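**Q** The chain contents come next:
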Amino acid sequence: MILSVDGVEFSYNSRPVLRDIKFEVNRGEFFAILGNNGAGKSTLLKCLNTILKPQTGTILIEKENLFVLSRREVARRLGYVAQRYESTRFTVFDAVLLGRKPHIKWGTTARDLEIVRNVLGILGLDEFSLRYLDELSGGELQKVVIARALAQEPRVLLLDEPTSNLDLKNQFEVLKTVKRAVREQNIAAVVVMHDLNLALRFADKFLLLKNRTIFACGGMEVMTPENIAGVYGVPVAVERLANIPVIVPL
Amino acid sequence: MGQLAMENIPRSYLRYTRRKIFIIYLLVLLTALLGIYAINAGSAELSPAQVLLTLLGKAEGRLNIIIWNIRLPRILAAVTAGIGLSVAGCVMQNLLRNPLASPFTLGISQGAAFGAAVAIIALGAGSTHSTSADAVIINNPYLVTISAFVGAMATTLVVLFLAQVRGVTPEAMVLAGVALGSLFSAATIILQFFASDVQVASIVFWTFGDIGRASWRDLEIMAAVTGAALLYFMVNRWNYNALDGGEETAKGLGVDVERIRLTGMFVASLVTAVTVSFLGIIGFIGLVGPHMMRRVLGGDHRFLIPASSVMGGLLLLASDTLARTIVSPVVLPVGAITSFMGAPLFLYLLSRGYGKR
Chain A
704 MILSVDGVEF SYNSRPVLRD IKFEVNRGEF FAILGNNGAG KSTLLKCLNT
754 ILKPQTGTIL IEKENLFVLS RREVARRLGY VAQRYESTRF TVFDAVLLGR
804 KPHIKWGTTA RDLEIVRNVL GILGLDEFSL RYLDELSGGE LQKVVIARAL
854 AQEPRVLLLD EPTSNLDLKN QFEVLKTVKR AVREQNIAAV VVMHDLNLAL
904 RFADKFLLLK NRTIFACGGM EVMTPENIAG VYGVPVAVER LANIPVIVPL
Chain B
85 MGQLAMENIP RSYLRYTRRK IFIIYLLVLL TALLGIYAIN AGSAELSPAQ
135 VLLTLLGKAE GRLNIIIWNI RLPRILAAVT AGIGLSVAGC VMQNLLRNPL
185 ASPFTLGISQ GAAFGAAVAI IALGAGSTHS TSADAVIINN PYLVTISAFV
235 GAMATTLVVL FLAQVRGVTP EAMVLAGVAL GSLFSAATII LQFFASDVQV
285 ASIVFWTFGD IGRASWRDLE IMAAVTGAAL LYFMVNRWNY NALDGGEETA
335 KGLGVDVERI RLTGMFVASL VTAVTVSFLG IIGFIGLVGP HMMRRVLGGD
385 HRFLIPASSV MGGLLLLASD TLARTIVSPV VLPVGAITSF MGAPLFLYLL
435 SRGYGKR
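Line by line, the protein sequences give chains A and B.
The numbering used here puts the first residue of the first sequence at 704, with every later residue one more than the last.
The numbering used here puts the first residue of the second sequence at 85, with every later residue one more than the last.
Hints are computed from structural coordinates only; laboratory data are not their basis.
Predicted, not measured: the structure shown is a model, and the values here were computed from it.
Note that beta-carbon positions come from the ideal geometry of N, C-alpha and C, so glycine has one too.
Keep in mind that the hints are not guaranteed to be accurate.
To be verified - Okay, the calculated bits of chain B under chain A, using three or more residues with CB under 8 Å as the criterion:
#, region
1, 94-107
2, 333-339
3, 380-393
Work out the full structure: start from the sequences and follow the hints.
**A** Structure (structure tokens):
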């Protein structure tokens, strides 16, 4: 177990947004958070990164209490990719180097540069390394921000809808990369997703959020037509096509 | 850095960072050369050789006085003030996520000028005179600076409050800056209206800036504050880089955004206040310097902060030299020259769409 969440509640100005959240994530796991718009998915992800501070509950990362760690210490353990990010006049290399920030004391070391070079290679961004971000396509930019999070050398990757602006090819490439990184580095990824079929394809575990709390949580077994209909309010069928599970709204 | 590790880092990246460092050194060299030219230029008919000899301490009396007491403090003040205003603008643009931000466009300079005027006219920290050469004499630079800082900080707090309000666009923020700036300028003029020795020249001093007034003592205070601020900004360069990617990204990278924003704006206001209290309001340096360097070097604050600083110093020195020589022996207010340079850039940024940086 790498991440353990228990009894987390969060409210914005006394309006409850999350209540009674409890789940665990293991090493090597791709963990999908699913649910309707406004169910609290992004809020949950921000709580996991202590950008928002839950009023009650505990979050343990590798058995350490997240809430007693400094912001910098949190950033060394959790890599967060926000839903929105700005494309600035940074080169790809420098943008990914920024991921080393939680580890940098004064200047960058050879190790920092080496890690960046490595991550750029993993995501196939070598040839872009000296291009400015504001000259990149949406898919390339998304890979850059994921590369930045990987350069943080986190224990857990937190991704907020990483495929929402991408075409089919890039959706698969990005999620494959995340999945491979999780396996190879024996870390975990917690990913907020909208596309159920992509979630079925890549995730090992699923957390279904409804009305600010957990509706169901577990492996493939929780992705039943009943649960999905219950969460999204749309009747669906779960079928297999070429031996790949797919969800079809009825 | 070990030899082996070096080989693995893309050579092109190292070449790219070396190019940035080279450009910064080039700007330093240009500033030094312009400085020597500027000591030389003017109505006293000096030659570059005489200037160098004087700087090395090998010249006779008259030259010593002109160079050490008049020209050199002026040139160093121009460079120091340019550095301070430019780096303050650079950091404000980052902290407020607003490419149109600068001490002048947000009204912070005007707030500082009002504070300084209050100290000089109402608190007796200086005196106004009837000759245009000595329209304002500062007796207590510390009181003036502190009072200017209070004025600058008051404006900054309004700006920070507006920045917290949802949906305030960069343009709206600058409009608020215009309103604040006009308010403080009007208050400064009214204050001078009631002062004992009202002079048109002193109003020009506050509204357009004049570098020739800096004494060695003023220069020391300016240099100390600007140097300390520069150091503080450089320590935080990675925080500013993180903030460039957006607030949430910065938080995810371990940056305490609220604290960085508040202390950064505080330090930037202090630099502005010190500069304005000795030299008056000099507009647009904080906008032009950082934008030029962002175009050339990109947004990486490791290089952008030193480059913007040097560029600001170079720009203000060039503006002041131009102001002294263009219709010599008449000296134009330097703020008028910088406005001719800055206003077109400002309009260009507005027309192009501020979003793209």
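**Q** Next, verify each hint and record whether it holds.
**A** Tested hints:
1. With a threshold of 8 Å between beta carbons, the proposed coverage of the region 94-107 of chain B by chain A holds, since 4 of its residues qualify and at least three are required.
2. Evaluation of the coverage hint for the region 333-339 of chain B: fulfilled, as 6 residues show C-beta separations to chain A shorter than 8 Å, against a requirement of three.
3. Counting residues of the region 380-393 of chain B whose C-beta sits closer than 8 Å to any C-beta of chain A gives 3, which meets the bar of three, so the coverage hint holds.
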